[in-house]
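Participant: Sequence:
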Amino acid sequence: MSDQVLWPIPDREKQKPTPLKVLREQADALKEATGGVLHGAVANQSAGEGKMEGVLLIRVPALGGHNVRLFSIVYSLEDPQSVTILFAGDPDDEFMPPSAKGVDEFTTALAKILGSKKVQRLINNLISLTQ
-9 MSDQVLWPIP
1 DREKQKPTPL
11 KVLREQADAL
21 KEATGGVLHG
31 AVANQSAGEG
41 KMEGVLLIRV
51 PALGGHNVRL
61 FSIVYSLEDP
71 QSVTILFAGD
81 PDDEFMPPSA
91 KGVDEFTTAL
101 AKILGSKKVQ
111 RLINNLISLT
121 Q
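Be aware that the sequence shown starts at -9, since it is given in the working numbering, and climbs by one per residue.
Careful, some of the hints might be misleading.
If you anchor each label on the Cβ, the simulated ranges turn out as follows [stated by the list, open to error]:
| # | residue 1 | residue 2 | range |
| --- | --- | --- | --- |
| 1 | GLY25 | SER106 | 18 to 24 Å |
| 2 | GLY54 | GLN(-6) | 47 to 53 Å |
| 3 | GLN5 | LYS107 | 31 to 37 Å |
| 4 | ASN57 | LYS102 | 19 to 25 Å |
| 5 | SER89 | LEU119 | 30 to 36 Å |
| 6 | GLU22 | LYS102 | 17 to 23 Å |
| 7 | GLY105 | THR74 | 19 to 25 Å |
By construction, these hints were calculated from the structure, which means they are not laboratory data.
If you're wondering where the values come from, they're calculated on a predicted model, not measured in any experiment.
Even for Gly, the Cβ is constructed at its ideal location relative to N, Cα and C.
When you get a sec, could you build the whole thing from the sequences and use the hints?
Facilitator: Following this line, the structure appears as structure tokens:
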């Protein structure tokens, strides 16, 4: 076997952040923001040929690790910068737009979702159930 690597190895330093990375960072931030009462997690699963789905979950350790699915993003493996945002149940008008092209648009949409009254109410209710 040859010692030569034939795979195109990208320079990780030059990789652009993706909406999935931003979603993971916000999932991690939930634990710190709630003093460990709630944990955020992103579960990845196949969404059909060439597509993946990243599901944002809120985990409640004090309730036996109960998970609440907040929403998910679907992205193509060929273009992970463009995402479609899918909601569990009926999305409120405040959750629009349903898609984002790139990290900046996604971060703006994510800020609207996480800062919405619906999510604030959910967070407060979950925390109150742990006391």
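Participant: All the hints need checking, so say for each whether the structure fits it.
Facilitator: For each hint, the structure was consulted:
no. : hint                        : in the structure
1   : GLY25 - SER106: 18 to 24 Å  : holds (22 Å)
2   : GLY54 - GLN(-6): 47 to 53 Å : holds (52 Å)
3   : GLN5 - LYS107: 31 to 37 Å   : holds (35 Å)
4   : ASN57 - LYS102: 19 to 25 Å  : holds (23 Å)
5   : SER89 - LEU119: 30 to 36 Å  : holds (33 Å)
6   : GLU22 - LYS102: 17 to 23 Å  : holds (21 Å)
7   : GLY105 - THR74: 19 to 25 Å  : holds (21 Å)
Going down the numbered hints, you'll see the structure goes against none, and every one checks out.
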